[in-house]
Amino acid sequence: MRKDIREGVMIHMINEIKPNYATLAKQYDCDYRTVKRAYEEAQDKESKPPERKKRPSKLDPYREIIQDKIKDQCSAYSIFKFIEHKGFGGSYSLVKTYCRQLKQAKVHKATVRVEHSPALSAQVDWKEDMRLISNQGKIFEFNIFLYVLPYSKKKYVTLTFDRKQDTLFVLSRWGELFQSPEIAAAILDRLVHHVKVFKITGKSYRMRDKI
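Residue numbering for the sequence shown follows UniProt numbering, beginning at 1 and increasing consecutively.
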């Protein structure tokens, strides 16, 4: 495409005037289709932003090494010193940022959605030694018990003013409240005996007497 034809078309575009192809073709001694093609090409370039060329990074020759080191649980600083000995001329912050991006991508990829079934799991939080002071300066000490069913998202919360076994058993009819005697027994086991068992699937002496 001739430069003078392009420049003639651009003058019309700057002034927001659609060129007369036949007139410009006669002016530049060319076919009108050549003028039309120059105009259409100029329109395409104007509508499309110029593509930015990706600048090469100092990390490019070392990305594969860094990825392998991340898999081996190496720290960003140790990776930086390692590739520095191999000729890397960039900064530590550049390496640290890239390592963080790799780790975040790995965590995101490893995230698994947990599906819950009715009456098979629950979350218990037991907040002890809470204190409130009234306007008269009276101190109220209490505990908060929170129970969450992950399937239905239903919650149960209650207050107690001591941590005696009798209080725990009298809070409510646990089996009916939690809709599962196995879970109720496991919760009481956790609160009273401080063990890690949450669900009882086999025979248990605690299940002999219904709650």
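Be a bit skeptical, because a hint or two may be false.
Each pair of labels, with its calculated beta carbon distance range [stated by the list, open to error]:
id, residue 1, residue 2, range
1, T160, S134, 12 to 20 Å
2, R63, R37, 40 to 48 Å
3, G87, Y32, 54 to 62 Å
No lab work stands behind these hints: they were computed from the structure.
Note that this is a predicted model, so its numbers are computed, not measured.
Cβ coordinates follow ideal geometry from the N, Cα and C atoms, glycine included.
- [ ] Starting from the hint list further up, note which numbers the structure goes against and sort them upward.
- [x] Violated: none.
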